[in-house]
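S.K.: Sequence:
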Amino acid sequence: MAAAAALRRRRRRATVRRRVAAVATLLAMLAVGGAARGDQLADLENQRQQLEQQRQDNAAQQEQLSSALEGTSADLQNVYLDIARLDGEIPIAEAELAQAEEDLAAAEREQESVNDRLAVAQSEADTLTADLAASDEEIAKTQDDIGELARSTYRGSEGLSTLAVVVDASTPEEFTERASAMSSAMRTQGQVLDDLETNAASQRNQQARLDAVNDRIAELKVEADAAVVTADAARQTAQDRRDELEDMRAERATKATELEGYKAQIESQQSEIAADDADLANQIQGIANQQAAERQRQAEEAERQRQADEAARQAQAQQQAQSGGGSSGGGSSGGSSGGSSSGSAPASTGFLTPPVAAPFYVTSPFGMRIYPITGGRYMHNGTDIRSACGNPQYASGGGTVVGVRNAAGNGTHGNQVLIDHGVVDGASWVTVYNHLSRFAVSVGQQVSQGQVIGYTGMTGAVTGCHVHIEVWKNGTPINPESLSGWNRSN
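So that you can map any letter, position 106 of the sequence shown is 106 in the UniProt record's numbering, and since no number is skipped, the others follow by simple counting.
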C-alpha cells in the first residue's frame with residue numbers, strides 16, 4: 001500500500017512537471033499567432049496563476065493540518081493528510097481536465113478549419129490547372145490556324161503572290177472581288193493574332209494565380225501537420241487528466257475506508273496526549289514549587305539574619321550605654337550591606353527570545369485546537385514554527401537545563417529539552433522544546449540566551465519537522481507570541 005501511494009505521488013510530481021511544460025509549449029504556440037490571440041494568452045496566464053495559488057493554499061493547509069494532528073499515530077496522520085491533500089487536488093484536476101477538453105475541442109476545430117481551407121485551395125488549384133491546360137490547347141490551335149492562314153495568304157494554292165492574285169484579274173468585277181477577299185483575309189489574320197496575344201496574357205495570369213495557390217497549399221499543409229500534432233497532444237493531455245482524476249478518486253475512496261478503520265484508535269491516542277501534557281505540567285509545577293520553596297527559604301533566612309543583626313545592634317547599643325557612651329564616632333552601619341544575590345532579576349525587553357530567528361512562520365498557534373477528524377477540542381500548550389529538519393534551535397533565555405528526555409518513553413513529545421530560567425519579577429519561568437532530532441545540551445548544564453540546545457526534527461507523534469516551543473509562567477503555559485520580540489511573518 002505504501003509503495004503504491006509513493007508511486008502515485010511520484011506520478012503526480014511528474015505530472016506537475018508535464019503540466020508546466022505543456023503550458024509553456026501552448027503559450028509559445030499561441031505567441032506565434034500574434035496579437036489576435038492576446039486575450040487567450042491572458043486567460044491562460046490567469047488560469048495558471050489561479051492554479052498555482054490554489055496549490056500554495058493547499059500546501060499551507062496541509063502544514064496546518066499536520067500540526068493539528070500532532071499526537072496521533074503516523075499512519076493515521078498520513079491517511080488523513082492524504083485525504084485532505086486529495087480533497088484539495090481533485091478540484092484542481094477537475095479544472096485541468098475541463099481546460100484540457102476545451103483545448104482539445106479548440107485544437108480539433110482548428111484542424112478542421114485548416115483542412116477546409118486546404119481543400120478549397122486544392123480545388124482552386126485543380127480548376128486553374130484545368131484552365132491552363134485548356135488555354136494551352138486553344139493557343140496551340142490558334143497558332144496552327146495562323147500558320148495555315150499565312151500559307152494561304154502569301155503563297156496561295158498555286159504559289160502566287162498577293163499582288164499577282166489581284167493584278168491577274170481579267171475583269172474589274174474579278175479585281176474587286178479578289179481585293180475584297182484579300183482584305184478580309186488580312187483582317188481575319190490580325191484578329192487571330194490579337195486573340196493569340198490575349199490568350200497568352202490570360203495564360204500568364206492563370207499561371208501566376210496557380211503559383212500563388214500552390215504556395216498557399218504548401219503553407220496550409222504545414223499548418224495542417226501542426227494542427228494534427230497539436231490535436232494529438234491535446235487529446236493525450238485530456239486522457240492523462242482523465243486517468244489522473246480517476247486515480248485520485250479511487251485513492252480517495254481507499255483512504256476514506258482506511259480512516260474508518262483508524263478512528264477506533266483516536267480516543268486512546270487523545271488520552272495519551274492528555275496524559276503526556278499532564279505529566280509535563282506536573283514536572284514544571286514541581287519546578288515552580290521548588291522555586292517557591294527556595295524563595296520562601298531565602299526569605300526566612302533573610303529574616304533570621306535581619307533579626308540577628310538587629311539583636312546584635314541593640315546589644316552593642318546597650319553595652320555602649322553602660323560604659324558611659326563610648327566613642328561617639330561611626331554609628332550604625334545601616335544593617336546588611338546587600339540583599340540576597342538569589343533574588344528576582346529585573347525583567348527587560350527580550351528576556352525570552354524565539355528559538356529561531358524572527359520574524360518566523362507559525363504553522364499552529366498556542367490555544368485551543370479543533371481536532372480535524374472528530375471535531376473535538378483540546379489545548380495546544382505551545383506554538384509550532386516552520387523550520388527545516390536539522391536547523392539549530394536556540395535557548396530562549398539563560399538558565400539551567402532541567403530536562404533532556406529521549407523520544408523513547410516520552411510519549412508524543414519526542415526528544416525534549418526543558419530549561420529553568422529561574423524567577424523573574426517574582427514569577428517562575430520554564431521553556432520547553434519538543435520533537436528535536438538531537439540534543440546539544442545535558443541535564444544540569446548552564447546555558448546562555450541564544451546558545452544552541454538542539455536541532456529541529458520530527459520525533460514523537462508528528463509527521464514533519466518543525467519547532468514546538470512552550471513557555472510556562474508559574475506552572476501555567478502562556479502564549480509565546482505575547483512576549484516582546486516574538487513577531488511572526490504570517
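Each hint should be verified, as a subset may be incorrect.
What the hints assert, rightly or not - Label pairs and their in silico Cβ distance ranges:
id	residue 1	residue 2	range
1	Asn487	Asp247	57 to 63 Å
2	Gln239	Asn479	25 to 31 Å
3	Glu108	Ile139	44 to 50 Å
4	Val229	Ala388	40 to 46 Å
5	Asn46	Ala119	32 to 38 Å
6	Ser484	Tyr378	17 to 23 Å
7	Arg313	Gln449	23 to 29 Å
To be verified - Computed cross-link-like contacts, EDC-like style, restricted to lysine to aspartate or glutamate with a CA-CA straight-line distance of at most 16 Å:
id	residue 1	residue 2
8	Lys221	Glu294
9	Lys255	Glu89
10	Lys141	Glu197
11	Lys255	Asp87
12	Lys141	Asp194
Just so you know, these hints were derived from the structure itself, not from any lab. Note that beta-carbon positions come from the ideal geometry of N, C-alpha and C, so glycine has one too.
S.K.: Honestly, which of those hints from before does the structure not fit?
M.R.: When the structure is compared with the hints, numbers 1, 2, 6, 7 and 8 turn out to be violated.
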